[in-house]
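If you read the protein sequences in the order shown, they are chains A, B and C.
For the first sequence, our numbering begins at 1 and goes up steadily by one.
For the second sequence, our numbering begins at 1 and goes up steadily by one.
For the third sequence, our numbering begins at 1 and goes up steadily by one.
One thing to keep in mind: the hints can contain errors.
What the hints assert, rightly or not - Under the rule of at most 20 Å between Cα atoms (straight-line distance), these lysine to aspartate or glutamate pairs were calculated in the EDC-like manner:
| no. | chain 1 | residue 1 | chain 2 | residue 2 |
| --- | --- | --- | --- | --- |
| 1 | A | K123 | A | D75 |
| 2 | B | K350 | C | D14 |
| 3 | B | K351 | C | D57 |
| 4 | B | K123 | C | D57 |
| 5 | A | K123 | C | D14 |
| 6 | B | K288 | C | D14 |
| 7 | B | K57 | B | E43 |
| 8 | B | K73 | B | D373 |
| 9 | B | K73 | B | E60 |
| 10 | B | K57 | A | E189 |
| 11 | B | K57 | A | D238 |
| 12 | B | K49 | B | E60 |
| 13 | B | K416 | B | E143 |
Rather than coming from a laboratory, the hints here were simulated on the basis of the structure.
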Amino acid sequence: MATPTLNLPVSAAAKPVKIKKWKRGTVSPGTYGALGFMVFLSAFPFYWMFVVASNGSDAIAKIPPALVPGNTFGDVVQEINDMVPFWQAITNTIFVATVISVFNVFFSALAGFALAKLRMPGKKQMLTFIIGTMMLPAQLGVIFMFMVMSWLNWINDFRALIVPAIVGAFGVFWMRQIVDSQIPNELLEAAKIDGASVFRTFMNIVVPAILPASFVLGLFTFLGVWNDYLWPSLVLNDANRYTVQVAITALNQSYVINYARNMAAALLGTAPLLILFIFVGRRLVAGVMDGAVKG
Amino acid sequence: MARRHIVATVIGSALVLGALVAAPSQAAPKVTLQVWGFGNVFEPNIVMKYGMIKGNKSWETLQQSLIKKKKLKVLNPNVTLVISGGGSQPDAAYFKLSAALPGNAAPDVAAVEMAYMGQTRVKSTANQFIDLNTYGANKIKGEYLPFRYEQGLSANGKQIGIPTDVGGLAVAYRTDLFKKAGLPTARASVAKLWPTWEKFIATGKKFQAKSSAAFIDSSGNMFQAILNQGTSKYSNPKTKKYDYVRAGSGFKSFAISNPAVKRAFKLTADAGCTSRKNGKCSGSIGTKIPQYNTGWGAAIEKNAFATVLAPAWALDYITQFAPKSRGKWDVAAAPGVGGNLGGSMLTIPKKADNIDAAWKFIKWYLAPTQQLDTFKQYKLFPTTYKLYKQPAIKNYKDRFFNNAPLGVIYANSAIKLKPILAGPLDRAIDNQYGAALSRVSFGNQTKVERGCKAKAQTTEAAWCQAVSDIGRLGLSGK
Amino acid sequence: MGRTKQVSAIARQDRIGLLYVAPFFVHFLLFGAIPIVFTTFLAFFNADMDLYYEFMDTFDPGVLGNAFIGFDNFRELGSDPYFWLALKNTFSIWAISTIPQLIVAFGIASLLANPNLRASVFWRTLLMVPNITSVLAVAIVFQQIFDRDFGMVNTLLYYVGRGPVEWTNETLPSHFAIAMMIDWRWLGYNSLIFLAAILAIPRELYESASLDGASRWQVTRFVTIPQLRNTITFMVVIGTIGGLGLFVEPLIYGGSYDGGANNQFLTMTLYLYKNAFLNMRLGYGAAIGVGITIVVIVVSIVNFLITRRIASEDSK
Chain A
1 MATPTLNLPV SAAAKPVKIK KWKRGTVSPG TYGALGFMVF LSAFPFYWMF
51 VVASNGSDAI AKIPPALVPG NTFGDVVQEI NDMVPFWQAI TNTIFVATVI
101 SVFNVFFSAL AGFALAKLRM PGKKQMLTFI IGTMMLPAQL GVIFMFMVMS
151 WLNWINDFRA LIVPAIVGAF GVFWMRQIVD SQIPNELLEA AKIDGASVFR
201 TFMNIVVPAI LPASFVLGLF TFLGVWNDYL WPSLVLNDAN RYTVQVAITA
251 LNQSYVINYA RNMAAALLGT APLLILFIFV GRRLVAGVMD GAVKG
Chain B
1 MARRHIVATV IGSALVLGAL VAAPSQAAPK VTLQVWGFGN VFEPNIVMKY
51 GMIKGNKSWE TLQQSLIKKK KLKVLNPNVT LVISGGGSQP DAAYFKLSAA
101 LPGNAAPDVA AVEMAYMGQT RVKSTANQFI DLNTYGANKI KGEYLPFRYE
151 QGLSANGKQI GIPTDVGGLA VAYRTDLFKK AGLPTARASV AKLWPTWEKF
201 IATGKKFQAK SSAAFIDSSG NMFQAILNQG TSKYSNPKTK KYDYVRAGSG
251 FKSFAISNPA VKRAFKLTAD AGCTSRKNGK CSGSIGTKIP QYNTGWGAAI
301 EKNAFATVLA PAWALDYITQ FAPKSRGKWD VAAAPGVGGN LGGSMLTIPK
351 KADNIDAAWK FIKWYLAPTQ QLDTFKQYKL FPTTYKLYKQ PAIKNYKDRF
401 FNNAPLGVIY ANSAIKLKPI LAGPLDRAID NQYGAALSRV SFGNQTKVER
451 GCKAKAQTTE AAWCQAVSDI GRLGLSGK
Chain C
1 MGRTKQVSAI ARQDRIGLLY VAPFFVHFLL FGAIPIVFTT FLAFFNADMD
51 LYYEFMDTFD PGVLGNAFIG FDNFRELGSD PYFWLALKNT FSIWAISTIP
101 QLIVAFGIAS LLANPNLRAS VFWRTLLMVP NITSVLAVAI VFQQIFDRDF
151 GMVNTLLYYV GRGPVEWTNE TLPSHFAIAM MIDWRWLGYN SLIFLAAILA
201 IPRELYESAS LDGASRWQVT RFVTIPQLRN TITFMVVIGT IGGLGLFVEP
251 LIYGGSYDGG ANNQFLTMTL YLYKNAFLNM RLGYGAAIGV GITIVVIVVS
301 IVNFLITRRI ASEDSK
């Protein structure tokens, strides 16, 4: 339902009437209470992981249940390492995720720039097509992809993770939006008239301007790769090549299920991201909110 | 100028890609065996005697430290063993293996879970494996339990696998809880309580009338245990056909028509649901706690149930998960005759790179000496049955289980079994029957198939749905 | 050099952009289109492991010819009660997770939008933390929290004198538990999206509303919410595509491809994997994949139509 208020022209603010500032109200303690509660809910599972992981297995059946961390966390971590090379898995994941992120950002930026600013035939159709591919369920191709990887002898090989992920529709679309909104056309036209090549324009004008956004896209890609579960667990069989999620799966899906061990593994697998988050959390939040407005 | 730049970038990125794509090739004079397992098929303390471990860091470190301390001399330092899939679950492991078989990624040695041997022994799949008879498997045939060895025989007469351990089957029971409920506690008299499965269930009801604990941890396990004591499961031993046919074709698959299957189903359902309230299951001789996890261990220590249907390897899980129950257990013979749960086969894919070395490794790993060693260290019961007469097994007892003569009990259960013809959909059918049985005991058999003359929640309704679901698995009669 | 000539030279130069977009398209062809086309093709065959082995050994198209069964897989799919059950479950879990989530996320965003809020960056950042946690880790933790015998939730219920809830064995409780996993992970993220949209609403709208003497509720109802229509649509679209592909949560939660013994939380993708990987019916699995794609397309079209209606309503 459209109300008259909605149809006010934007220039309303320019009216020479002195507007009494609309009272949004001060912050009630209830607001902090509610936000505090949400943060508690967000943090609780992490705390719980640590409680179960550090109390040893029999603690879960205690009445009342253990609510504070115990002292066996180190033992459980040792146990995990005896079963799967977890530190190796973390190194592997960092490697794979970094390579994919760098490629994805580079290719996405190139394509995004072309789609946003260059005059090419069929540009609009291309963009529609790219957005359309995002709708396709990724699981559909898994069977075939697995056969191809097997045929290429890429089972247990990081190439099976990297090559299919080096560029994606989301990244291209995201970069197009960023370039479109952050780079004024005049700047590009000027560069062209100065005789700069397209690639040089890209490197000298576009890249510096989109670096912060590229960083956010890289982070998202990194997180996505880190948390990917199905594909790596299909193509990696050699424990030495496991990524973090595959290592967690190997513990979780064995015949023997040990809660303390599983929770410790889930926590260990998340910890590097939590540490990373301390440094980049603000930028990630800014990226999410930026993307929301432009999307 | 511009163009050169672009070409340079494109070539540049192509080069980086190329570096990724080009396989790092290392000319190695030594042999590296790719070994794919799951669960605990390959035990570290045993395999590290054979060759140099690579891949699993903790095994590698252990091996290195033992070598340094001169406590270990590796038999074949030129052989590197890359053992993958340890701890993983058999379904995932088999899918990976089956998809990798015809490709270049096929391993040198692959472990196959018994539930999947049926699919593996079908002609087209069996052709993806080496016939071990051409490498002299028939010379070692006599060492192994005949029923386990025959499970490695393919439909077209190839020996594609050599058996690892045998589960065997016995009942581990809690003497303290039995005593409180007024049941005998001595193993011989306990075994006499349940010569048959019917008597086992009756004992369970009797026990529960006098105890707050459940009788058994999970009644669902009975289904497989009962079937494995028979001579046929889902494939007809007479026609030797895996006659699963799509539902609606009017043909009755043996997986459905076999009376042994129906009997095992009914018995397990009776155990899973001993009383009903408003038609819905309200009592059972088992708990609903899933096996072999932390909750299961905690439940043992809280005296939640009194028995476990235990293959030899499960005893190890009891000690691991419920260390505080030490000394409260004893072990008696299982109902029926003999018994087995679990086990696997070692195979060599046709596309393996090092067939000779793979065969040498399998022969060594499954030879009596190593199987005895495995038993001593990991409680996996040997398939090389001549060992059963050796004192190490004959006199094997465990204090945790009240000094029960485990060696004799498990040897007796393993030696009595007969071969059962396995078919390609065994695992999938197992799953459907398993789901149907848990629907009965959890009281969520809400569906009644069309044409099924039964009420919701009944065993019969669950059976009808299982039959229809199995028909849906669909495989033309091959 | 004439101006027009220069422009057309630039335009020609711009065509180099085709080279820049090429990596995406080549990549999509190899790792997106071909697998999907192949899968669709496979759906017309009685493809099992036998066929796979025979074909890989011989590369003989004749082998394929014998396995061609036309539309049989699709006919079976149409009458397969489990596919329809999976569709129903998928939508049920989607609805249980999405609707409350949008409401709560909007509430949180409204709180965060308060310009007088202290440490606003701190709150925003903390709310984002669950989103970086892997689905697998979330599923493992929630599986334990909702454990029937030893779980946190049932223990709490026990203390308030309520019997154990069958969080896995009954349909609605299991859908709720899985929805909780999804919500926990996405609530903060969606709050931030809402927040961004709220902050982007021109202040003038609020100011004139306050001039008109609108109450807080009226401002929300007549200013904020209409301005958020596009955001809501965006979230629903993204949520739907994610929701239709749901499978890691139910897989870990139930520990099998069945989605519970009574298939009470069997989802479409889970059913695909069950057929393709566990029952080794590759062809039928492929047909399910095509079925899922059709559902996604239908839902997308519905979404599109709704969006367009909202858009045209706005411009009225």
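Need the status of pair K288 of chain B, D14 of chain C: alpha-carbon distance at most 20 Å? violated (68 Å)
Could you grab the alpha-carbon distance between K123 of chain A and D75 of chain A and see if it respects the 20 Å cut-off? violated (58 Å)
Check whether the Cα positions of K57 of chain B and D238 of chain A lie no farther apart than 20 Å. With a Cα-Cα distance of about 11 Å, the restraint between K57 of chain B and D238 of chain A holds, given a limit of 20 Å.
Does K350 of chain B pair with D14 of chain C here, judged by a C-alpha cut-off of 20 Å? violated (54 Å)
Going straight from one Cα to the other, do K123 of chain B and D57 of chain C come out at no more than 20 Å? The given pair, whose Cα atoms are some 13 Å apart, holds under the 20 Å limit.
Restraint check for K416 of chain B with E143 of chain B, where alpha carbons must lie at most 20 Å apart: holds (16 Å)
Regarding the pair K351 of chain B and D57 of chain C, is the alpha-carbon distance no greater than 20 Å? holds (11 Å)
Please work out if K57 of chain B and E189 of chain A have their alpha carbons no farther apart than 20 Å. violated (57 Å)
Can you confirm whether the C-alpha distance between K73 of chain B and D373 of chain B stays at or below 20 Å? holds (16 Å)
Do the alpha carbons of K57 of chain B and E43 of chain B lie within 20 Å of each other, as the hint requires? holds (14 Å)
Tell me if the straight-line CA distance from K123 of chain A to D14 of chain C falls inside 20 Å. holds (12 Å)
Agreement of K49 of chain B and E60 of chain B with the hint, judged by alpha carbon distance not exceeding 20 Å: holds (12 Å)
Checked against the numbered hints listed earlier, the structure breaks hints 1, 2, 6 and 10; every other hint is satisfied.
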